[in-house]
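Taken in order, these protein sequences are the chains called A and B. Here the first sequence stands for residues 1 to 637, numbered as in this note's numbering. Here the second sequence stands for residues 1 to 906, numbered as in this note's numbering.
Just so you know, the hints here were simulated from the structure itself, not pulled from any lab data. It is possible that part of the hints are untrue.
Stated by the list, open to error - Restricting the straight-line Cα-Cα distance to at most 30 Å, the calculated cross-link-like pairs of lysine-lysine (DSSO-like) are: (1) A:Lys438 - B:Lys446; (2) B:Lys510 - B:Lys465; (3) B:Lys465 - A:Lys441.
Stated by the list, open to error - To give an idea of the interface, some chain B residues facing chain A are shown, with a C-beta separation under 7 Å as derived from the structure: (4) Ser424; (5) Arg439; (6) Ile518; (7) Val520; (8) Lys523.
Positions of the beta carbon are idealized from the N, C-alpha and C atoms, including for glycine.
Next come the chains, spelled out residue by residue.
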Amino acid sequence: MKLYCLSGHPTLPCNVLKFKSTTIMLDCGLDTTSVLNFLPLPLVHSSRLSKLPGWVSKDGTVNLEKRELLDLSTIDVILISNYHCMMALPYITEHTGFTGTVYATEPTLQIGRLLMEELVNFMERVPKAQSATCWKNKEIQRILPGPLKDAVDVWTWKRCYSMQEVNSALSKVQLVGYSQKVELFGAVQVSPLSSGYSLGSSNWIIQSHHEKVSYVSGSSLLTTHPQPMDQSSLKNSDVLILTGLTQMPTANPDGMLGEFCSNLAMTIRAGGNVLVPCYSSGVIYDLLECLYQFIESASLGTTPFYFISPVANSSLEFSQIFAEWLCHNKQTKVYLPEPPFPHAELIQTNKLKHYPSIHGDFSSEFRQPCVVFTGHPSLRFGDVVHFMELWGKSSLNTIIFTEPDFSYLDALAPYQPLAMKCVYCPIDTRLNFHQVSKLLKEIQPLHVVCPEQYTQPPVSQSHRSDLMLELQPPPMPYRRCSVLNLPFRRRYERVYILPELANSLVPSEIKPGISVATVSAVLHSKDNKHTLQSVPKPPPVPPSKKRKRVMEEPPVVLVPKPLLSGAVPLEAFLATLQKHGITEVKVEETADGHILHLQAEDTLIQLEEDGTHIVCDNNEPLRTTLRDLVLRFLQKL
Amino acid sequence: MDTECVSLLPRVCEVLADSARSLPDDTTLEKLLDWFTGFTKAGGSLLEACPCLLEFVSTVVYNTTSDPSVLSFTLRLTGLMAASEDGFIMLQEYSVLDLVFKLQHWQEAGLWDDPCIRIGWIQGLWSMLQHPKALTFFVQSGDTPYFIEPLLQLQTDRSIFVASAANQMLAHILLFFQPPLSAGCNGIGKKDGDDKRTHASITDLDQPAITLENRAEYAAVVTAILEYLKESLVPKENTQLHQSLQLLKLLSLLLTQARSPLRDMLLQTVAGSLEELVTTGYSQLTVPLMDVILAAHSSGTDEPDKHITHLLSSMLKINKPADLIHAAAAVLRRGHHDTAHTAWAVRLLLLPLSIITGQTLLGAAGDEHHLSMVEQLKSKTLCIPVVCVSLTSSPQITLMPADFLPCPPVTIVTAVLSLLRVCSGHVSSSCTGCTEVFRNVIGSGKVQRCALDALTAFSCSPGAKEKISEVLTILTQYLDSPDSDPTVLHKSYQALVKWTCVCKDLSSIKDQLRQDLIRVVKKRVCDMRWEVRDSTVEFLGKAAGVLKSAKEEHDVFEALLGGCSCTTPLLKEALQDPESYVRASAISALAQTLAHSWHQGAALTQEQTEIVSRLLEILSQDTEGFARRAVIQFFITWFLSCSSHSPPSSSTSSSSSSLLMNSVHSILSLGSTDLDWEVKVHTLELAELLLDEAFSGHRGYGKGSNSHPALLHPNAVVSDQAWKSDLVSALSGLVELGVISVLLSGLFDCDRPVGLKACQLLITLRETVCPLSLEALDATTAMATVARVSCELPGWGWGQEIRKIVRMKKNDRANEMAVTGADEVCSKEHNEAGEHSVSEGGESVCVGVCEVLRSLGLDERLGVLTQSSDHVHNSPLSLLQDILTASAAHAHPDTQPGQEVIVDCY
């Protein structure tokens, strides 16, 4: 069993597990931090941005962490754990010869599609006149300025995929529900479990009859909107692959949410606007819910909230229809009937308005001071670029970062100097180290595999010994491009036995409750299923001489020797020997049993737990007698 | 004792003795006993007053089918009756005592298993053991030679109440009967010679009842108890730890109160056991054992016993770090001042701090406990209590004399500061503390709270002031941290107030820090958690109040928080808060913030007008009492700070006090019609201030209700015209402001405290403007002008009530006059003066203030109002009646089970 680690990013994993003749890809996250190396793509021409000195990019921008560790076309299935971890899917399923199936839950597919659609939309609505790739050449890159010079693996950076590729990739997705068991080629069974992180997010169990591998990615124990995490099904794993812990171990989500609200209220009270760069699904639902409760208490009742995204409408509506994927108290609302999320009411009362972009209706409705939620959190593309240009000059306004994926200082770099206040409240609801160590204590996996980042304290805070995994046995760390031999041997395989063969068995009881029988059969293996079938009767000897040669080939079915079982009781054996006239016996105790020295006959009998030896030189009759005496005490099958 | 009660008592005893009849509720017996106890304490003799009790006791004690609670009551009652020697003798004559306290009796009846019998037995004996005869009885009685044996057994009773009562009972016997303090008194436990006897009789003059016999008895008791202590102090197995715990508690109780011979014997007896306990080192026993050792060590007048000193040293060297810390803390807690031991305890207490923070608190020398303490701290469950004990003791340590301290106090402050930094996860790389321990304390709210408490206390430590900048930085950091718990934030604010109020010089504070603090406070006012908003608003008020209380420090508030201009808008915003506590805190904070400008008589601002109108809105509309109470308090504060510098009424119209006086009428009328009685009482307090203000300087005005108007000479009043005209204008002013209406309406309020306060104020007013002693002169011209001042009464509610009383009073007087043959004209005149416009319907009418004040019968009313509302139902008579009623109801032959009448005493 091997694990190929294609990504070293702990929250955007991409691993391939080879397990019992299947090749399973676990997630394919897309690391988009490389966009920070590019200038923002403004929706409206910005003279300031266009005058910025530096290198002009013409490329679409994504970093793909794939290496030629293995041939992507050999992948049988891809298991997706949540919509953030599937953003690289088109790069894997398209143009690589991939012929397998992708498994994901319905919300993961639908919201994942929205996020991809949004990304494509953001990219395509600011078309580039030309594209350049020569700079990726190592020789040229070396002479580039600043951080670009030091960027690694620029040649893996690819253009953003198109909508067509997205559709084609998503058409390969097969929907699954929680705890549904999917058979892969009869060899293994995979099954998604609720992970509590986002709508439809899952952990996966990959198991055969005797081995169980758990894959934990992006899980949360907080009671936010999704169904709670299913922990008990992860018990008794041989190997647990642990990824997707919180990126902000020191930032407690509750505290951050409080921080978010108080900064928002502070700004609005002072007459400023609040900009929240965020993804169009996920934490935003919780933010809106929290604000819903907060609005009244902070007397923000009249302040408009705008949610601007090409997929804003679908995102808000989808969240309301996936009732079965929601936590219990949201589910019960559906039967009232009431929308599970309070943002429906915010929309009804006109407190929350959503628009596909800043063009069109929005411009006529726009009222300040206000709160705007919009993407993309990298501040390099999407409508957020416009608001940065619009509000950046006033110190009354505040930008509140809630997504932990990008360094906020890097994100802000092209907008400097900035008068606007910046608040960093990364909200990451994924498991923290404290929770994960409790979880592991609970579910007791034999071995844990995790990104190497989790096995030591963060570089910047080397004293924080609480921010790492401490396990016994220590976890197996992996880094990008590692190939790990997972530390367990397959020792058993399930074999079926046909009824007629079973019928012919004659079991004999060797211990109370344990019966043993010998089987002679032919092992038949097909589709990873192993069956014992009766030995075909040798066909009657054909008369033709021609076939004689062939006849010698089939296995000669010999009647097997009977198997012996049992132990030789010392006292009784000595008594029997005495009856047979062997009296001078010296018994010596050894570590494994006894050595009997028949002094008159100059013979040794070694009685051990798993063997009996009679050492008797040139006295065949004596040996035979002794053998028979020993056999008397043993059972035959 | 009330004769009515005495007459009821026999029937009550009958009810109690009859096991078939039941009691009104389970507190009845306790109340009855309380009544008897009170009676006995007051010096009465129960047996004399209620002879029926003796019969009751002798009946009940034979009837083992009685309710156990009645039996327990009987036991205690018997003890109470036998507490006096006479009672004791009488009971013994009737041979009741032997049976009542005979253990065997209860055991055979199978009642001893009931804990209420056991506790009744103990308490009965306890009440009885007040005189030597009782001691004799206690030591030898009936066929059981000693009561002491079962009492010792009860030490380990299943019921902790029984065990604890038995414990205290033992202490009572030993301490109560110990021979009086005398120089040569050491006869206990020895065979008395004749010379000793004379000696004792001389010294025991004040306790003549203690006879030689008693001495021997006492000695026997002491011997038995001491033997028991010696035997049982050291637990033989773990299950006996509880017993040892009890005995240690007893010992420390005894050692702190026992006098010389007893004390020495105790020490001698238990020395060996204590040593064994110290060597065995049971963790659960550390604290009580320390208490015993310290009690033994410190209370002696001469040099402490060497043996005990040795034990103390051993306790401070035991091998379990957690116990060690507790032992050391006990030394400090007891205020023990033995240089060597205290210094050592201080070292031990500082050890955890020193390990975690890496501060060199203990000097360069290594510590023998260092390694084991490090191990201890690495375990999460053990680490936090140890650190907390260390932190809790640290403020006391910093205040100790220098020769106890291994380092200057400032270093300890530094260590706590760096611990606070560790707790919040902000550890600088230069911190040399033990990183393995960090994971246990990072984010621990408990440690943070303890450390902040310590920090608050450090503000008074010598030399701590130099740390102000660092302290403010950390506190700001805590206030800013999104993960801080509301209680942690609250404590941070407390520390901040304390430090800024101690450190007057804030010039060393960097601008950045000030800006940070202002920003953080602004953010916290918008916090999602109301507790945090509340603490923040409260802090703003306290900061303004504390920092301004001393005038020269005004700039501190200005410097630290940007002064009123910065905080007032925040507080105004908080007036809109959805949580009533926050609104209330904001109102009080505003009062504290504005108090300074009021005090200086500053000009009126637009802001103040806005605040006042918002406050009036809150008073009239807010659904929660807290906020409304705070509004009245706000105006009280305002009034006080204005009147302290100049009378508000005489201020110019542009000053803030004119705004105050303009609002008073609305405040009074809104406040007095509030639904919350506290708001009404506060309103009356404001009215009281207005009264004080109006009559200040007037003769005869006694502030408060305890004044003695008799001091005023009637002739003096009549002769002083100027004073009279002042009085008229003052009274008319009060009528105009609505003060009089508030007082009158308060008098008829259904809430007793409101009525009481109003009544007291009205009496004061009456004594000032128209004392009853002057009634005879009423019609003279001298008082006529005052009497003409009138006020309006509404045609409903309290107004109607008052009119009714006034009319009745007038009729009475008219009749009186007719009888005495006085002039008709006079009464007619009176009528005109009393009620100016006569109308019977719902219309409001005007009545003379003096007339009303005199007619209301305020003094009788005050008498009624002063009594607590349950004075009728709480009397012994009512209790006895309840018992009888309940039993009558139950005894009724037609009553079916389940149809019981439930009578509740309250």
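Hints the structure fails to honour: 3, 4, 6, 7
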